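J.: So you can see what is in the structure, the chains are spelled out below.
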Amino acid sequence: MTQGFYEIISNVTIAKDIYEMVLGGDTSAITAPGQFINIKIEGFYLRRPISICDWDDKTITILFKTVGAGTYKLSEMKAGEKLDILVGLGNGFDPDACGEKPLLVGGGIGTPPMYGLCKKLLAMGKKPSVILGFASQADVVYEEKFKELGVETRIATVDGSYGTKGFVTNAMDALDYDYFYACGPIPMLHALCDATNTSGEVSFEERMGCGFGACMGCTCKTKYGNKRICRDGPVLKKEEVIW
Amino acid sequence: MVNTKVTLCGIEMDNPIIPASGTFGFGYEFAELYDINCLGTFSFKGTTRDPRFGNPTPRIAECPEGMLNAVGLQNPGVDKVIAEELPKLAKCFHKPVMANVSGFSLDEYVETCEKINACEQVGWIEVNISCPNVHGGGMSFGTSADAAAEVTKAVRAVTTKPLIIKLSPNVTDIASIAKACEAAGADGISLINTLMGMRIDLRKRKPVIANKTGGYSGPAIMPVAVRMVYQVYDAVKIPIVGMGGVSTAEDVIEMMLAGATAVEVGAANLVNPYASRDIINDLPRVMEKYGIQNLTDIIGGAH
Chain P
1 MTQGFYEIIS
11 NVTIAKDIYE
21 MVLGGDTSAI
31 TAPGQFINIK
41 IEGFYLRRPI
51 SICDWDDKTI
61 TILFKTVGAG
71 TYKLSEMKAG
81 EKLDILVGLG
91 NGFDPDACGE
101 KPLLVGGGIG
111 TPPMYGLCKK
121 LLAMGKKPSV
131 ILGFASQADV
141 VYEEKFKELG
151 VETRIATVDG
161 SYGTKGFVTN
171 AMDALDYDYF
181 YACGPIPMLH
191 ALCDATNTSG
201 EVSFEERMGC
211 GFGACMGCTC
221 KTKYGNKRIC
231 RDGPVLKKEE
241 VIW
Chain Z
1 MVNTKVTLCG
11 IEMDNPIIPA
21 SGTFGFGYEF
31 AELYDINCLG
41 TFSFKGTTRD
51 PRFGNPTPRI
61 AECPEGMLNA
71 VGLQNPGVDK
81 VIAEELPKLA
91 KCFHKPVMAN
101 VSGFSLDEYV
111 ETCEKINACE
121 QVGWIEVNIS
131 CPNVHGGGMS
141 FGTSADAAAE
151 VTKAVRAVTT
161 KPLIIKLSPN
171 VTDIASIAKA
181 CEAAGADGIS
191 LINTLMGMRI
201 DLRKRKPVIA
211 NKTGGYSGPA
221 IMPVAVRMVY
231 QVYDAVKIPI
241 VGMGGVSTAE
251 DVIEMMLAGA
261 TAVEVGAANL
271 VNPYASRDII
281 NDLPRVMEKY
291 GIQNLTDIIG
301 GAH
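Residue numbers (this note's numbering), protein chains in the order written: chain P, 1 to 243; chain Z, 1 to 303.
If we strip away everything but chain Z, and leave its shape as in the complex, we get:
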């Protein structure tokens, strides 16, 4: 019997598989299809202080081996998430959940994290400083080491739970930003958020997406993600949650060899609603194939 358990920032998980924020809602759509307690955990829909509708539609575009999205952090706001979504989730998911938090100002990040920190169901807080689809916030905090450190320090002060900072790939030096977050008190780094992209409709001669740009996700971006996880692993001592195009158990192994302790599955959930469950079921077979007894042994194994 192979061992798929990993420990992420002090919390043991049955396996390293985490459906990524924005691809799994608050879990119910998937709980109707399979028992989501098979997951390591999942990162719930990006939550902000105030309710948000997000961007105008169309928000989605097809791409080679992937998609663009510009949803723009649609969510009911942190108070409603705590009052309504989390109690509903408690009925179908019995493990610590990963809370995904976003914001447009330091104050907003702090206020939202403070509220989330008080929720018993939440195991980790993943702070998104890398959303490419919102203006005047989101990614702008994640594209400079100083701003990333500032957010990390501010939320660290109000958070007792493991704090994971989610980074943008739309930067020149991801390692320096990861280092700055580590120095400012982050317990972990997750990467990569989507790559900023655009598609143009040939008939209309206009961008397909109303927001013009969107975030590129899917298998196409996995090589970029693997490279960045590898670079960040060399730069920091804190654990890494790797993501970007992961669709198979083999992809999970590759991401862990690059340096990830846990692995998020994003766009794959949207194409195949059973993707995360299928990857978990297939992990033991692939571990045996590559002679892996304990999954933790391979973290960073490619270095």
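Only chain P is shown next, with the shape it has when bound in the complex:
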């Protein structure tokens, strides 16, 4: 983990209530896809944890949804402004854990970490396929970005306005995979774990105090003992999750 000031390079809306922000600064603390950053927003006391969508040597891309006053304020910030951020938090996904054909599943604003993971798996020579689930067509993000990577990308919407009608688990027909990675709402993660015969990893979110393991604010029980979502997670193995 490092703390630093990051300059906003761009901040644009890409779907209903969803923003894509590119930040410039030191990214050396990021060690795995699925990690997150914790952003101090002026006027708010606690930092806001946001998953890392993509990163390179000098930039971090995040997607966030305006759900409260803090993220709304973040959505109004302009290129050139700076943010105090803790970078490289959490364990992230283990790209070595899967075979040749991993399945990546993102639900709503759980989609972003799947993008960085997808790029990593492709760089390792693996052949991921992707299912993304959203409430409605207006909520769909990054479909084109995944398709540009050349991976099979299926979309499900709950209201059927785009792609397969229903949940991500309704879009899994005839998919060949040996492991899965997922991030999204807990009911989706639970349903997915029940619908899959393989092992996998799921990423959770929780209200956090610090984001780096000090306050015990986000602890959950697992089959392997108590874990802090921020430090020992946010990614847990399917086998250890207690639903």
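These are computed hints drawn from the structure, not numbers from a lab. Since the model is a prediction, treat every value here as computed from it, not as a measurement. Positions of the beta carbon are idealized from the N, C-alpha and C atoms, including for glycine. Honestly, I wouldn't trust all of these hints.
Among the chain P residues that face chain Z by a calculated CB cut under 7 Å, a handful are [claimed, not checked]:
id: 1; residue: Y45
id: 2; residue: L46
id: 3; residue: R207
id: 4; residue: G213
id: 5; residue: A214
id: 6; residue: C215
id: 7; residue: M216
id: 8; residue: G217
Starting from the known structure of chain P, fit chain Z onto it as the hints suggest.
T.: For chain Z alone, kept in the frame of chain P given last:
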């Protein structure tokens, strides 16, 4: 050169800064970021006789200039703390540490303190009779002078180390409770624990925190803390450890002027992991600004 040294209950500290219990774990998360030996000491995660998971999540809520928490004393239990956490801590922290102890019955407080008392690494024992987030214990001992005195007397009997009683602000007369602890044998008083609060989610129309209520900490509560430290300073002769929203070196000076011998830094560590170190580094500058040569000279200076 200004002098930041203070003496708390007979133990000299390089400076009065103490990260508060529950905001600093057992030190390692912070030892990865900076050398925690710069601290005066720190108060480790509230320890109980038996292991505790704490409350269900969500346990945290945002507030104006602060936060609510209802962690509920999650800890591995005193035996594991002594067997596992303290040996790990010894590798990265070489000063006497402050042990924070909590309980749900007199017997439990006594048993835990007795075990902690045998630990060489521990300098002070801070007994928490003020946790607002647990039921059937914690704060209930800290809200009456008689119960506070009873706990103090019981742990005093099994403790040779300096004994500091941590008080709740959720009371009508903090001075009388502090006096009762002093009369029962306490070597020091620390205050304030968090203020009981609640936030409600407008969409769900339910409290944000699963426990419904939580403890309010952060800069918002500092005026309450300063007032209570000031009142307790007038009421007792034993030293006071002041805390509540302290985030800057100026806040430390203010707390000491109110009557604190040492100062705990809590929620600030969670927002800025370097907060305690930054305050220590900034202390000499602020002391010079206000013409303070020896920090001990200003304790209670506002009276």
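J.: Against chain Z, with CB atoms and a cut of 7 Å, does the hint on P/L46 hold up?
T.: holds (5 Å)
J.: Holds or violated: is the Cβ of P/Y45 closer than 7 Å to a Cβ in chain Z?
T.: P/Y45 check passes; min Cβ-Cβ to chain Z is 6 Å, inside 7 Å.
J.: With 7 Å as the cut and Cβ atoms as the points, is P/R207 at the interface with chain Z?
T.: Constraint on P/R207 satisfied, holds at 4 Å.
J.: Do the numbers back the hint for P/G213, that is, is its least Cβ distance to chain Z under 7 Å?
T.: holds (5 Å)
J.: With a cut-off of 7 Å, does the beta carbon of P/A214 approach a beta carbon of chain Z closely enough for the hint to hold?
T.: Interface hint status for P/A214: holds (5 Å vs cutoff 7 Å).
J.: Are P/G217 and chain Z close enough, Cβ to Cβ, to be under 7 Å, as the hint says?
T.: holds (4 Å)
J.: Verify the interface restraint on P/C215: the C-beta must sit less than 7 Å from at least one C-beta of chain Z.
T.: holds (5 Å)
J.: When the nearest CB of chain Z is found for P/M216, is that gap smaller than 7 Å?
T.: Holds, about 5 Å.
The structure meets every hint from the earlier list without exception.
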